[in-house]
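Residue numbers are given in our numbering: position 125 of the sequence shown equals residue 125, and the series is strictly consecutive.
Everything labelled a hint here was simulated from the structure, so no lab data went into it.
All values derive from a computational prediction rather than experimental measurement.
Note that beta-carbon positions come from the ideal geometry of N, C-alpha and C, so glycine has one too.
Mixed in with the good hints there might be a few duds.
[Said to hold, decoys possible] Pairs of lysine-lysine residues, derived as DSSO-like cross-links and limited to a Cα-Cα distance of at most 27 angstroms, are as follows:
1. Lys88 - Lys61
2. Lys171 - Lys96
3. Lys96 - Lys130
[To be verified] Computed Cβ-Cβ distance ranges for the label pairs, DEER-style:
4. Ala20 - Arg48: 21 to 27 angstroms
5. Ala101 - Gly21: 35 to 41 angstroms
6. Ala101 - Gln189: 32 to 38 angstroms
7. Glu90 - Asp139: 19 to 25 angstroms
8. Ser137 - Met196: 44 to 50 angstroms
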Amino acid sequence: MTQLLLASQSAGRANMLRAAGLSFEASPAHVDEEALTAALQAEGQTARNIADALAEAKAIKISARLPGVIVLGADSTLVLDDGNMLTKPEDKDDAKAQLRAMAGQRHRLFSAVVAARDGQPIWRHIGEAKLWIRALSDDAIDAYVDENWDSIRWTVGCYEIEGAGVQLFDKVEGDPWTIIGMPMLPLLQWLRTIGMAAK
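Please model the complete structure; the sequences and the hints are all you need to start from.
What follows is the structure, given as structure tokens:
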């Protein structure tokens, strides 16, 4: 087996690793994200810490049964400036409601990646981006969700900035990889230190 495994079914994250020239396999961790998120929110955890905890849970779950393999877990959370945290949309109506809540405002996106080996976390990084969605009409939101539902249904924030979602924004601060779902530059730097990425 490849010694690097991505514990995710995210096409965006897999595409980032592939584009960087990394050799890896991918397998979803099947962590109950909703239950874990609800428990962490009940404890008063921040969106940043929740992203980190979800990424760690995914990495540990798979690495515990694959001795010696480096497993990458990743997750993203989104919080509005009013403190309300959004999750992946349940359906089209939920996606449209979320975009209406974000329209004309700034939100923060946290993307965490945790590496685990033998069931223990050995490295982690959390990237942060700030994004401003422009004022959007109901018609524009409806059209965007209806046309892009198959690709945005798995994304927190209901957008893929690398696709048509870029048209939703006025301004972004942060690296594009964090926005897509994984802080690649710190990850690649660490992988180089352990001989798993080109020096």
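Tested hints:
The suggested pairing of Lys88 with Lys61 holds, with an alpha-carbon distance near 21 angstroms, which does not exceed 27 angstroms. A C-alpha spacing of about 20 angstroms is found between Lys171 and Lys96, which places the hinted pair at or below 27 angstroms, so the restraint holds. At roughly 20 angstroms between alpha-carbon atoms, Lys96 and Lys130 fall within 27 angstroms of each other, so this suggested pair holds. Range check, Ala20 to Arg48: about 24 angstroms between beta-carbon atoms, so the 21 to 27 angstroms window is met.
Between Ala101 and Gly21 the C-beta distance comes to about 38 angstroms, which sits within the given range of 35 to 41 angstroms. For the pair Ala101 and Gln189, the beta carbons lie near 35 angstroms from each other, so the given range of 32 to 38 angstroms is met. A hinted range of 19 to 25 angstroms for the beta carbons of Glu90 and Asp139 is consistent with their spacing of about 22 angstroms. For the pair Ser137 and Met196, the beta carbons lie near 47 angstroms from each other, so the given range of 44 to 50 angstroms is met.
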